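Let the sequences and hints guide you as you build the complete structure.
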Amino acid sequence: MNTNFSYDVHAGDIEQGGSASAALKSELRKIGICEEQARRAGIIVFEGEMNLLVYATNGGTVNATVTSEAITITIEDAGPGIADIDLAMTPGYSTAPDWALNLGFGAGMGLVNMQRNSNFFEIHSHTGKGTLIRCRVNRRKNDAAD
Amino acid sequence: MLLTDVVTALGLQVLTSGVDLDHEVRSGIVCDLLSVVLAKAQQNDLWITIQRHQNIVAVAKVTSVAGVILADGIIPEQAVIDRASKEEIPLLAAKESSFVVSGKLFALLSSGEE
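Line order of the protein sequences matches chains Y and A.
Taking numbering that gives the first Met the number 0, I'd label the letters of the first sequence as residues 0 to 145.
Taking numbering that gives the first Met the number 0, I'd label the letters of the second sequence as residues 0 to 113.
Derived from the structure by calculation, the hints contain no laboratory data.
Please note that the accuracy of each hint is not assured.
Here are the simulated lysine-lysine pairs, DSSO-like style, with alpha carbons at most 30 Å apart [claimed, not checked]: (1) A/K85 - A/K103; (2) A/K39 - A/K94; (3) A/K39 - A/K103; (4) A/K39 - A/K85; (5) A/K39 - Y/K29; (6) Y/K29 - A/K85.
As the structure is a computational prediction, the values presented were derived from the model and not from experiment.
In structure tokens:
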């Protein structure tokens with residue numbers, strides 16, 4: 000049986016930053032997901048919700064589906080989109096505004112952290128339309144991140 | 000070494016209430032960039048930072064660090080402390096700088112290995 004979790008993330012709402020990842024990690028532990036897999040899912044969602052909060056014009060949504068095989072996380076927004084995905088995926092590259100840098104964001108590791116904690120990672124983005132990121136964390140034992 | 004022993008040895012102020020301090024401290028991480036903490040922190044590390052906003056609680060939660068030490072005498076807003084208490088993340092305050100706190104923690108944890 001699939002279990003679904005969904006969270007709305009509002010643009011600029013820094014006070015709520017991290018609430019989706021913290022909530023999801025608690026829920027995953029409650030339904031018996033091991034610490035390591037819950038941790039990887041939590042990191043993916045933290046980075047994803049921070050991207051929505053800092054960059055997405057109108058925020059976005061985080062969805063997680065848990066099956067016996069995997070935890071699949073989808074992060075979606077409606078813009079502004081990423082012009083150069085390869086550049087955005089480069090460790091250390093960031094376009095974070097000053098207010099976010101002052102809070103310790105903008106290390107240029109967000110998308111990289113998401114990918115490193117995923118067994119499968121895909122990102123689709125169109126400027127003016129939005130960004131869709133899908134990450135999968137496999138539930139098999141000893142199935143470390145790729 | 001248990002967190003409660005680290006708190007005593009380093010003279011840390013416990014900001015959160017009702018949060019269990021009887022769990023193991025493995026090692027430490029000193030960092031103010033949240034994504035780097037997410038990438039590097041291991042379960043049961045003690046995280047030393049000067050960040051004081053709400054998001055440190057979520058970072059601590061997803062990484063399962065043993066607790067967060069706020070250096071330089073930084074005390075966060077009560078809302079941050081309340082959120083940490085709710086999420087059962089020990090928030091600790093040190094008067095010294097991150098450099099001094101990490102030096103003391105390193106020496107303490109190293110002495111425990113002998």
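Evaluation of the provided hints:
With a CA separation close to 29 Å, the supplied pair A/K85 and A/K103 stays within the 30 Å bound. Between A/K39 and A/K94 the CA atoms are separated by roughly 25 Å; this keeps the pair inside 30 Å, and the hint holds. Under the criterion of a C-alpha separation no larger than 30 Å, the hint pairing A/K39 with A/K103 is consistent with the structure, at around 21 Å. Using a Cα cut-off of 30 Å, the hinted pair A/K39 and A/K85 holds, with the two alpha carbons roughly 25 Å apart.
Note on A/K39 and Y/K29: the hinted pairing holds, with a Cα-Cα distance of about 25 Å set against a maximum of 30 Å. Annotation: proposed proximity of Y/K29 to A/K85 holds, straight-line Cα distance about 16 Å (limit 30 Å).
Checked against the numbered hints above, the structure breaks none of them.
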